[in-house]
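**Q** Throw the hints in and build the complete structure from the sequences for me.
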Amino acid sequence: MSVTDTRHSTARGLPASRDLVVDFIRVACMFAVVAVHLLMMGISVDELGIGVVNPLTSLSWFAQGTWFAQVMPLFFVVGGFASLTSWRSLQRRGGDAGEYLRNRVLRLVRPTVALYAFLALALWIATAAGVPGDLLAVIAAGAGVQLWFLAAYLICQAMVPTMAKFHQAAPYRTIAALAACAVVVDVLRLGLERNPWGFDSNPIGLLNMVFVWGLLQQLGFFYADGWFDHFAKWQLLLAAAGCYLVLVPLTYGGPYPVDMLTSQNPPMFPLVLVGLAHVMVVKALYPWLQRLVQVGWVQKVMFLVGSRAMTIYLWHLPLIIAMFGIALVLRLPFPEPASAQWWLSRPLFYVAAWVLVLLVSTPLVRLELASTALAPGTVRPATWRIAVATVLAVVPPFVVMRSALDTANATWGLVLLILAVAIVTGRQNASLLRKAST
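In terms of this note's numbering, the sequence shown opens at residue 124 and continues consecutively.
Hints in this document: simulated from the structure, not taken from any laboratory. It is possible that some hints are incorrect.
Listed next, with one range per pair, are the computed distances between beta-carbon atoms [stated by the list, open to error]:
no., residue 1, residue 2, range
1, G188, G377, 14 to 24 Å
2, W350, Q214, 15 to 25 Å
3, A461, G256, 26 to 36 Å
4, W350, Y375, 25 to 35 Å
5, L368, A158, 25 to 35 Å
6, L368, A240, 42 to 52 Å
7, A355, A260, 51 to 61 Å
8, L311, A264, 24 to 34 Å
Where a beta carbon is used, it is the ideal one built from N, C-alpha and C, also for glycine.
**A** Structure, rendered in structure tokens:
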């Protein structure tokens with residue numbers, strides 16, 4: 124299973140080995156991501172024009188709150204559980220690494236092509252219509268903020284077959300090696316951050332897209348093996364508290380930022396502690412969560428959101444921006460960001476955002492749920508071609524992560540994504556076609 128594999132209507136008929144709590148956590152993370160992104164967009168309208176601010180930064184406790192609200196580390200952990208489960212299932216059916224990666228590319232990239240097509244077209248139309256460049260740059264950058272995840276997740280997915288072998292042979296040494304590499308990268312990056320030569324140390328930190336996100340994915344492998352089940356509830360909660368205690372000297376007295384959102388791109392080692400604390404809490408609450416996921420309406424929500432999770436993730440920010448744009452056109456009142464009225468109006472906007480996201484995702488989810496099976500008369504591309512397609516798919520969101528979305532990289536990014544899908548879709552088998560014609 125992966126972020127796009129929750130396709131069953133209810134728990135009835137699901138394999139007994141399926142962990143519905145993992146599905147619940149994935150969906151809960153999606154609700155949290157949409158909420159955080161909505162709250163980070165404060166629109167102000169006055170005689171000076173339209174302003175966009177992040178109201179959350181005005182909260183004195185915001186940085187500390189990210190230790191609990193930053194859910195992407197947990198998302199990579201449950202993604203690791205799902206990835207190892209899918210990989211082992213594929214192996215039992217005789218599949219190999221090329222087939223696994225091909226399936227991942229199709230599942231993740233096909234829905235992304237639709238988003239890139241929409242964004243490229245919208246940005247070209249806005250440019251032709253004379254929308255001010257500064258305003259368009261802000262809108263475009265906001266619409267592409269979430270795309271970093273595609274680059275990071277595809278990199279981690281490409282690692283699954285190899286890291287599964289390492290996990291099978293030496294699970295603890297693999298975790299230790301990833302952790303050591305992540306710390307070394309941070310030391311180099313932070314050590315060079317204030318160098319007198321003006322050297323940009325952030326590119327060094329990009330190596331932690333492999334080590335930090337990969338380490339969190341590896342923790343998901345331990346989850347899949349039932350490793351966390353060996354501990355009592357009090358031990359899990361004590362370990363979670365220990366992770367947070369370690370964060371205190373690393374952030375308040377050390378070189379790391381307190382804000383875990385700041386630590387996300389490029390990722391830094393404290394995210395591992397946040398993810399580990401979260402999964403410990405999940406396992407401590409596991410019996411209660413198991414009862415919760417058996418409730419009928421909870422399962423319906425899990426299916427509705429989980430069956431289109433990737434589509435929702437990709438589209439929620441552009442649609443939130445569009446929602447605020449419509450509100451501006453209709454001249455709806457915009458309370459001062461972070462004011463009491465602003466906070467009181469957020470639940471209504473949150474519900475409206477979800478209604479819009481679910482409506483738009485209904486036709487688009489077909490791209491996410493479409494079969495990855497080869498069409499009759501086609502053969503699977505060689506593994507090296509699939510690897511090339513994966514690189515092509517990683518480049519566009521990676522560039523957006525580094526330089527923000529604009530008209531140019533939305534356009535050439537769309538071309539690369541289409542090419543990646545075309546490569547992994549398969550090629551016609553000439554001999555089969557000749558036999559069919561005779």
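**Q** I'd like to know which numbered hints this structure contradicts. Please list them from smallest to largest.
**A** The structure conflicts with no hint, since it agrees with every one listed earlier.
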